[in-house]
Amino acid sequence: MTGSPRLRRWLPPRLWIFVAILAMMVLAALLAPLIAPQNPEAQNLLGRQRPPGTELRDITYLLGSDELGRDLLSRLIYGARVSLTVAALSVLVSGTIGTALGMIAAWLGGWIGTIIMRLVDIVLSVPAILLAIITVAILGPGFVNVIAVLAFTRWPRYARVAYGQTLGLMNLPYVRLSRFMGASTPRVLLRHILPNIIGPIMVVVTLEFGLMVLFEAGLSFLGLGVQPPMPSWGAILSTGRNYVTTAWWIAVFPGLFLFLLILSVNVLGDHVRDVVEGRR
Amino acid sequence: MSRFLVRRLLQAVVSILGVMALIFFLQRLSGDPVLLLVSEGASQQAIDALRSNLGFDRPMLVQFADYMTDLARFDLGQSVVQQVPVAEIIKSRLPYTIWLAGAALLLALGIGAPLGVFMAMRRNHPLSKLGMGFVLAGQSLPTFWSGVILILLFAVTLGWLPTSGARAAESVILPAFCLSLLSMATFARVTRTAVLDELSKPYIRAARAKGLSLGQTVRRHALRNSAIPVISIAALEIANLLSGAVIVETVFAWPGLGQLTIQSIAARDFPIVQAIVLLGAVVSILLNLAADLLYSAVDPRIRLEGRT
Chain A
1 MTGSPRLRRW
11 LPPRLWIFVA
21 ILAMMVLAAL
31 LAPLIAPQNP
41 EAQNLLGRQR
51 PPGTELRDIT
61 YLLGSDELGR
71 DLLSRLIYGA
81 RVSLTVAALS
91 VLVSGTIGTA
101 LGMIAAWLGG
111 WIGTIIMRLV
121 DIVLSVPAIL
131 LAIITVAILG
141 PGFVNVIAVL
151 AFTRWPRYAR
161 VAYGQTLGLM
171 NLPYVRLSRF
181 MGASTPRVLL
191 RHILPNIIGP
201 IMVVVTLEFG
211 LMVLFEAGLS
221 FLGLGVQPPM
231 PSWGAILSTG
241 RNYVTTAWWI
251 AVFPGLFLFL
261 LILSVNVLGD
271 HVRDVVEGRR
Chain B
1 MSRFLVRRLL
11 QAVVSILGVM
21 ALIFFLQRLS
31 GDPVLLLVSE
41 GASQQAIDAL
51 RSNLGFDRPM
61 LVQFADYMTD
71 LARFDLGQSV
81 VQQVPVAEII
91 KSRLPYTIWL
101 AGAALLLALG
111 IGAPLGVFMA
121 MRRNHPLSKL
131 GMGFVLAGQS
141 LPTFWSGVIL
151 ILLFAVTLGW
161 LPTSGARAAE
171 SVILPAFCLS
181 LLSMATFARV
191 TRTAVLDELS
201 KPYIRAARAK
211 GLSLGQTVRR
221 HALRNSAIPV
231 ISIAALEIAN
241 LLSGAVIVET
251 VFAWPGLGQL
261 TIQSIAARDF
271 PIVQAIVLLG
281 AVVSILLNLA
291 ADLLYSAVDP
301 RIRLEGRT
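Chains A and B are the protein sequences, given in the same order. The numbers in the UniProt record's numbering rise by one with no breaks, and the one at position 17 of the first sequence is 17. The numbers in the UniProt record's numbering rise by one with no breaks, and the one at position 229 of the second sequence is 229.
Just chain A, same shape as in the assembly (with noise of 0.2 Å):
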């Protein structure tokens, strides 16, 4: 493509690399049953265990097999849908849930943003994992409910950033203006509070979609993520441990597709922030 120096300045050429792996993981997430080689599920038994590049009949096994002769490539292509999927819809929820959370807390203020702001404090004072980890045993494993705990464990992330937003922006003449001329509470908000925070918040999107990643594929190693058949790149690595010793592969290539794209996803998110608070 064009080297042009607007393109150089808004996206350094070390960055493409990265731009290229995340591009790649997403194209390989939305095209998976069209790129995949295989059907991530069939199963083999004669093809079991096979390292990479294995030819057996007319089956190329790029990436190998795993120890139900599955192909290892075709079920990391539809992890990927998995990893993405969940990060994806928790950042959204758990973004849409704080940052309203965090406007009302604001906006309201009294009692009801006390009790919003503290219960903040309180949900961010638990270490992440834990409370992931003691909710999902208390909501039992599976998709959704990886989904709603990942929401319900970092909303407050947003809902801080969202709150000393508000609060610098809310008493500004623009705003009081329009509350002056009529403008109903959830008009204000929407209309007129949350484009100018929604800079902010992005920043935080970029800081958690990585983590978001990393969780999900943490829990479904520890098996208290997303169920079996379905493919999520720490559940295979997780399998893949047991048989460390006699077929490697299993256990390293989901690894290593999950530090790509959280690495890139870092990178990247690391670059947005720079660009947003003006550091370039």
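Keep in mind the hints are simulated off the structure, nothing from the lab. Quick caveat: nothing in here was measured; it's all calculated off a predicted structure.
Computed beta-carbon distance windows for the label pairs:
no.	chain 1	residue 1	chain 2	residue 2	range
1	A	51	B	168	29 to 39 Å
2	B	43	A	229	24 to 34 Å
3	A	12	B	61	51 to 61 Å
4	B	102	A	67	35 to 45 Å
5	B	125	A	33	46 to 56 Å
6	A	51	B	279	37 to 47 Å
7	A	191	B	283	37 to 47 Å
8	B	193	A	191	33 to 43 Å
9	B	137	A	229	24 to 34 Å
10	A	111	B	214	50 to 60 Å
11	B	102	A	191	51 to 61 Å
12	A	277	B	48	57 to 67 Å
13	A	12	B	124	13 to 23 Å
These stretches of chain A come out as covered by chain B in the derived footprint (C-beta under 8 Å, 3 or more residues):
no.	segment
14	110–124
15	128–139
16	219–226
17	242–248
18	256–262
Chain A residues, not near chain B, derived (Cβ > 10 Å throughout):
no.	residue
19	16
20	23
21	31
22	32
23	36
24	41
25	54
26	93
27	96
28	97
29	170
30	173
31	174
32	178
33	181
34	183
For every residue, glycine included, the Cβ atom is placed at its ideal position computed from N, Cα and C.
Chain A is fixed; fit chain B onto it per the hints.
Just chain B now, with coordinates in the frame of chain A:
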């Protein structure tokens, strides 16, 4: 005692009480808490017996008051599966987690801080570039993957160290190193920033101008002042190491609290899970408090204005 100290202590107490309440109500929200405690396929009679036995058939507020008084007496309840006080089980596992997290902290500080100082002093050295790469990677590395890689490399392929368990003294090396990586990266980054901050100050220029070498300046002047943020971060990192232990202990079959948590979830031994989460929350609140107090001890501005 200063007002700041009192306010900060009160906040910590409120947080701890809040966490206790949160866990209590979470458990009730799930529907019937008795179902968390019985094994699968228990008869209705057994469930009912357990319910009245544990007092779950009483009004919610009475239960809550009881639960809080028990906690105030440090009574964490009984393990459902082993029929032993939870406190005893935790006591038997705690030393392992402390040993693991302590070793990890030592590694993280011992390697991370010097690396950070080096990266600040020699910004353009190839090793510094490598160090920045490590900082970046260390923050994105899932411990359950780096753990498997370490096992594959040092235990399976090279055979230098045991794969898992805690039978030999050297068993701690791999899990501690695995657990320390994230904190090591954090220490390297924070130390680098702190030392760079100090090096840009006028007194450093004065020290250099009177003829001290960069090394002498850093050793005699910059290091002491840049230790402040690193020490405060250390308190927070201990909390991270303790909660990171849940996964690392599972990877390496290390018999500490983290492994106990996962085993208790699998065995549906809810009182143990609850106690560990409470313990983790209390420890992390106290460590946060310690970090704040350290800050205020060093920087009087915080004490006078209070932190926001």
